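Colleague: For the sequence shown, the residue numbers in my numbering are 102 to 502.
Fair warning: there could be bad hints in the mix.
[Claimed, not checked] In silico SDA-like cross-links for lysine to any residue, where the CA-CA straight-line distance does not exceed 20 Å:
1) K359 with D203
2) K448 with N485
3) K229 with V376
4) K343 with R437
5) K320 with G295
6) K348 with E412
7) K469 with F424
8) K229 with N265
9) K444 with K286
10) K286 with K428
11) K314 with K229
12) K448 with V324
13) K359 with K469
14) K428 with Q388
Keep in mind that the hints were calculated from the coordinates and are not lab data.
The structure presented is a predicted model; accordingly, all values stated were derived computationally and were not measured.
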Amino acid sequence: MSEIRVVVAIDFGTTYSGFAYAHRSNPNEITAYCNWQDYNARFKTFTVLKYDESLKLISWGYPALAEKPNRRKKPSNIKPVERFKLHLGDMENKPYLPEGFDFKTAITDYLREMGIVIKETIKTKWQKIDFFRQVLIVMTIPAEFDSQAMKIMRKCAYDAGIINEGSENLEFTTEPEAAAVYCMKKKEYHIGVGSSFMIVDCGGGTVDLTTRKLLEGDKLEEVTEREGDFCGGSFVDDEFLKFIGEKVGESALKLVRKNHYSQLQYMVQDFCRRVKIQFTGQESHAQTHEFDLSKLCPVLKQCVKGEKYDEMEEMEWIVELTFDDVKLMFNPVIERIISLIHKQLDKSHENGYDICAMFLVGGFSESKYLQARIKKEFGDKVPNISVPIQPVTAVVRGGKV
């Protein structure tokens with residue numbers, strides 16, 4: 102480890118991924134990469150892969166997102182793969198993967214493509230750095246991932262060409278731990294020695310919580326056991342698909358998911374872009390959104406049968422999402438997050454600790470509705486509930502420090 106000159110933190114997320122880096126000579130100068138292909142000025146790109154019908158990788162990241170379906174063209178056999186990180190966990194209903202496709206292949210392919218970008222970035226910045234000898238990779242993982250998941254990630258990193266076999270230049274840190282380090286070092290939060298604070302890391306797939314006490318010398322002590330669950334932002338997308346399934350029939354939706362997943366993915370992307378990201382939960386911002394399924398997912402017309410088909414024809418294949426509909430998509434996910442926070446607070450109090458601050462980090466924490474619900478629920482219990490600037494990068498920045 103004495104040869105290490107550069108540290109790279111990789112946040113391989115369910116929905117988005119990114120990395121940050123710094124040279125040991127100037128450890129406080131942390132750079133979060135933001136020059137992604139077709140997605141400039143963003144600190145993360147999408148954790149999405151696109152394969153052809155023979156399962157050969159075509160593209161990754163933002164360019165791999167599904168394109169708007171063309172009703173004149175025959176639906177393609179292109180297979181987008183997303184949320185594959187969740188296969189590392191023990192959740193019951195794991196996300197879709199093409200038939201016969203191993204999730205470890207997806208992880209390896211994604212890390213290989215990201216590794217190419219990382220190596221090019223480091224070489225451009227410091228030409229004489231020996232990547233495999235002088236670069237330490239710190240990879241963030243959800244708190245609930247076990248040793249087997251880490252073993253798989255290490256093997257995938259090796260197969261992806263990020264490390265050499267048997268290398269010690271790969272370390273793992275939990276996502277909430279990395280975020281805790283980042284928030285602890287931000288002076289504007291006034292975390293003093295002896296203070297206890299909670300990190301609520303709301304990602305796309307997982308939500309992880311940790312409560313830490315700041316000790317002398319910038320050391321952190323774990324106050325309670327970490328909490329985690331599969332209730333990140335992508336589960337709001339699942340609620341949206343349940344809503345669509347009620348309109349067109351679950352069997353039709355299953356058929357589309359199996360044979361034309363890219364069209365389903367495009368419809369979800371449209372929901373995220375127009376509705377989910379913008380939703381504040383405030384009545385004053387209430388509006389009804391129209392979804393023209395004949396344009397967003399034209400293949401549905403071939404899959405919907407019987408009464409459902411007649412009903413959709415009568416509605417001209419337009420589905421309306423009201424303010425209350427959207428709220429009902431968020432609520433079950435947010436309730437699970439609130440339940441996790443209550444458990445973490447109760448454990449802290451049982452152990453004799455008062456929480457002076459709560460930090461919401463991760464991509465889903467940018468949701469104004471989620472922020473409002475948490476502040477309403479815990480505003481009288483925690484004096485300071487904050488969302489760091491660029492919460493989506495807190496994990497990679499903290500993973501590096």
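Colleague: For each hint, tell me whether it holds in the structure or not.
Modeller: Results of checking the hints against the structure:
1. Distance check on the hinted pair: K359 and D203 sit about 16 Å apart at the alpha-carbon level, within 20 Å; holds.
2. A threshold of 20 Å between alpha carbons decides the hint, and for K448 with N485 the separation of about 19 Å falls inside it, so the pair holds.
3. At most 20 Å may separate the alpha-carbon atoms for a hinted pair to count; K229 and V376 exceed this at roughly 47 Å.
4. Between the alpha carbons of K343 and R437 the distance comes to roughly 18 Å, so the proposed pair stays at or under 20 Å and holds.
5. Of the pairs offered as hints, the one joining K320 and G295 holds, with about 10 Å between alpha carbons and a cut-off of 20 Å not exceeded.
6. Distance hint between K348 and E412 is fulfilled; the C-alpha atoms sit about 8 Å from each other, no more than 20 Å.
7. Using a Cα cut-off of 20 Å, the hinted pair K469 and F424 holds, with the two alpha carbons roughly 15 Å apart.
8. For a cut-off of 20 Å, the pair hint linking K229 to N265 stands: about 19 Å separates their Cα positions.
9. With a C-alpha separation of about 26 Å, the suggested pair K444 and K286 falls outside the 20 Å cut-off, and the hint is violated.
10. At roughly 35 Å between alpha-carbon atoms, K286 and K428 are farther apart than 20 Å, so this suggested pair is violated.
11. The hinted pair formed by K314 and K229 fails the criterion: a straight-line CA distance of about 40 Å is larger than 20 Å.
12. Restraint check for K448 and V324: satisfied, since their Cα atoms lie roughly 9 Å apart, inside the 20 Å limit.
13. Straight-line distance between C-alpha atoms of K359 and K469 comes to about 33 Å, which puts the hinted pair past the 20 Å bound.
14. About 12 Å separates the Cα atoms of K428 and Q388, which keeps this hinted pair within 20 Å; it holds.
In the structure shown, a violation is registered for the earlier hints numbered 3, 9, 10, 11 and 13, in ascending order.
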